[in-house]
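A.B. asks: From just these sequences and the hints, can you work out the full model?
First residue of the sequence shown: 1, per the UniProt record's numbering; consecutive thereafter.
One or more hints might be untrue.
Said to hold, decoys possible - DSSO-like mimics (lysine-lysine), calculated; alpha carbons at most 27 angstroms apart, straight line: (1) LYS58 with LYS18; (2) LYS18 with LYS50; (3) LYS19 with LYS50; (4) LYS50 with LYS13; (5) LYS18 with LYS55; (6) LYS19 with LYS58; (7) LYS55 with LYS19; (8) LYS58 with LYS13; (9) LYS13 with LYS55.
Unchecked claim - Using C-beta positions, here's what the derived DEER-type ranges look like: (10) LYS13 with VAL46: 40 to 46 angstroms; (11) SER33 with THR9: 39 to 45 angstroms; (12) ASP31 with THR9: 25 to 31 angstroms.
Since the hints were made in silico from the structure, they are not lab data.
Glycine included, C-beta positions come from ideal geometry on N, C-alpha and C.
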Amino acid sequence: MATKRSVGTLGDKDLRGKKVFLRADLNILLDDSQNITDDNCIRASVLSIKFLMAKGAKAILANHLSVRWGTCCQSSVHPLISWE
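C.D. replies: So, in C-alpha cells, the structure goes:
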C-alpha cells in the first residue's frame with residue numbers, strides 16, 4: 001500500500017513529468033452583476049499549482065460548486081476566465 005503524502009513532502013524526483021490531479025477550491029463569490037467579489041480561494045490554490053509546476057508536474061485541476069457562506073455560487077466557473 002502506498003504511503004499517504006502531502007504536496008509539501010513531494011520533491012522533484014517524485015513529480016517531474018507526472019500528471020497530478022489536484023482538487024482545488026475555486027469557489028468564488030459574485031455580486032449581482034456577476035463580478036468576482038472574493039477571490040481568496042483562488043489565490044490560495046495558486047500556491048499549490050505553482051509548486052507543482054515548479055517541480056515539473058502537470059497540474060490537472062478539478063473543482064466542485066457548492067453553497068458557501070450562505071450564498072449560492074453560480075453553477076459555472078465561467079467567471080474565472082476573466083479573473084486576474
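A.B. asks: Now, for every hint given, state plainly whether the structure supports it.
C.D. replies: Right, here's what the structure says about each hint:
1. LYS58 with LYS18: Holds, at about 6 angstroms.
2. LYS18 with LYS50: Roughly 14 angstroms between the alpha carbons, so the hint for LYS18 and LYS50 holds.
3. LYS19 with LYS50: 14 angstroms, holds
4. LYS50 with LYS13: 17 angstroms, holds
5. LYS18 with LYS55: 10 angstroms, holds
6. LYS19 with LYS58: Holds. LYS19 to LYS58 sits at ~5 angstroms (cutoff 27 angstroms).
7. LYS55 with LYS19: 11 angstroms, holds
8. LYS58 with LYS13: With a Cα-Cα distance of about 14 angstroms, the restraint between LYS58 and LYS13 holds, given a limit of 27 angstroms.
9. LYS13 with LYS55: 8 angstroms, holds
10. LYS13 with VAL46: 40 to 46 angstroms: 24 angstroms, violated
11. SER33 with THR9: 39 to 45 angstroms: 43 angstroms, holds
12. ASP31 with THR9: 25 to 31 angstroms: The hinted range 25 to 31 angstroms is violated for ASP31 and THR9, with Cβ atoms some 39 angstroms apart.
Of the hints listed earlier, those the structure fails to meet are numbers 10, 12, in rising order.
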